[in-house]
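Q: Sequence:
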Amino acid sequence: MTYKMIVLDLDDTLLRDDGTISSRNKQALMAAQEAGVKVVLASGRPTYAMKALAEGLDLERFGSYILSFNGAKIINWRSQEEAFSSTLTPQMAHALYEMSIEEGVSALTYVGDDIVTVAANEYTLIESQITGMKVVEVSSFVEAVQVPVVKVLMVAEPDKLVLVEKKLKVRLAGQLNVMRSKPFFLEFTEDGVNKGTSLNHLIQQLGIERSEVIAMGDGYNDVAMLEFAGLGVAMGNAPEEIKQLADYVTDTNMNDGVAKVVEEFLLRDLVQTT
1 MTYKMIVLDL
11 DDTLLRDDGT
21 ISSRNKQALM
31 AAQEAGVKVV
41 LASGRPTYAM
51 KALAEGLDLE
61 RFGSYILSFN
71 GAKIINWRSQ
81 EEAFSSTLTP
91 QMAHALYEMS
101 IEEGVSALTY
111 VGDDIVTVAA
121 NEYTLIESQI
131 TGMKVVEVSS
141 FVEAVQVPVV
151 KVLMVAEPDK
161 LVLVEKKLKV
171 RLAGQLNVMR
181 SKPFFLEFTE
191 DGVNKGTSLN
201 HLIQQLGIER
211 SEVIAMGDGY
221 NDVAMLEFAG
231 LGVAMGNAPE
241 EIKQLADYVT
251 DTNMNDGVAK
261 VVEEFLLRDL
271 VQTT
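So for the sequence shown, the numbering used here puts the first residue at 1; every next one is plus one.
Treat the hints loosely; a few may be bogus.
[What the hints assert, rightly or not] 25 Å max Cα-Cα, derived DMTMM-like pairs, lysine to aspartate or glutamate:
| hint | residue 1 | residue 2 |
| --- | --- | --- |
| 1 | LYS243 | GLU227 |
| 2 | LYS26 | ASP11 |
| 3 | LYS260 | GLU34 |
| 4 | LYS260 | ASP17 |
| 5 | LYS169 | ASP191 |
Hints listed in this document are in silico derivations from the structure and should not be mistaken for laboratory results.
Taking the hints into account, I'd like the entire structure generated from these sequences.
A: Laid out in structure tokens, this is it:
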């Protein structure tokens, strides 16, 4: 099988635990792009928090894309144009904030290049560290969020968030997409929007078949794209239930799992066909 695109989650997949791309991973991905393979970064991160990584992999030169906000935005990195965009109304963001109060958890969203929340805590700090975005504490979430936002997060300790997720998935069924990106992050986007549906939008625009796509990830928010892609690859550090859903399991993010897949399924095939 000749694959034309590889779609990569970032945290705990492409990135090492310190947030960097290993030299082997970068070398493999640059070789794949030189051979014409599209490398697409797909993350729950805001677009702002993916810029440096996109630039480090030279996505602009190769005319590739990023899927940010769990697929709620697709950006053509060469033209900086949005190939797809989805938002929540301010009223929906306000409603989610009220639900967070009911459930005893914190909520945050993004306004401009800032993380907006009423009360910063250890989990908003983690989001700030991951994204490189400043946390702005506001006295009124409603007053601070007066424009459409791409997504809202509820954050709390994992055991608590499992219960909130189960409850709100039922309550918001058919209204919003509800998924955990990390054990302590519960994300809300427009109904039907996830990494898998956005990947479908993208390949239709590019004329690529789903059978020609490799997708790699480690988390629950990666499941849709792993199931959609022709080859869904789980990281060795992924939870067991994610591994069971995947077509293939590679090494961990700390042991160049991405590079090993690129070398095995992309570069080897390219060498054989030249």
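Q: Hint by hint, note whether the structure agrees.
A: Evaluated hints:
Of the pairs offered as hints, the one joining LYS243 and GLU227 holds, with about 11 Å between alpha carbons and a cut-off of 25 Å not exceeded. Among the hinted pairs, LYS26 with ASP11 is consistent with the structure: their alpha-carbon atoms are about 15 Å apart, no more than 25 Å. For the given pair, LYS260 sits about 17 Å from GLU34 by alpha-carbon distance, which is consistent with the 25 Å threshold. Pair hint LYS260 plus ASP17 holds up; C-alpha atoms about 18 Å apart against a cutoff of 25 Å.
The suggested pairing of LYS169 with ASP191 holds, with an alpha-carbon distance near 11 Å, which does not exceed 25 Å.
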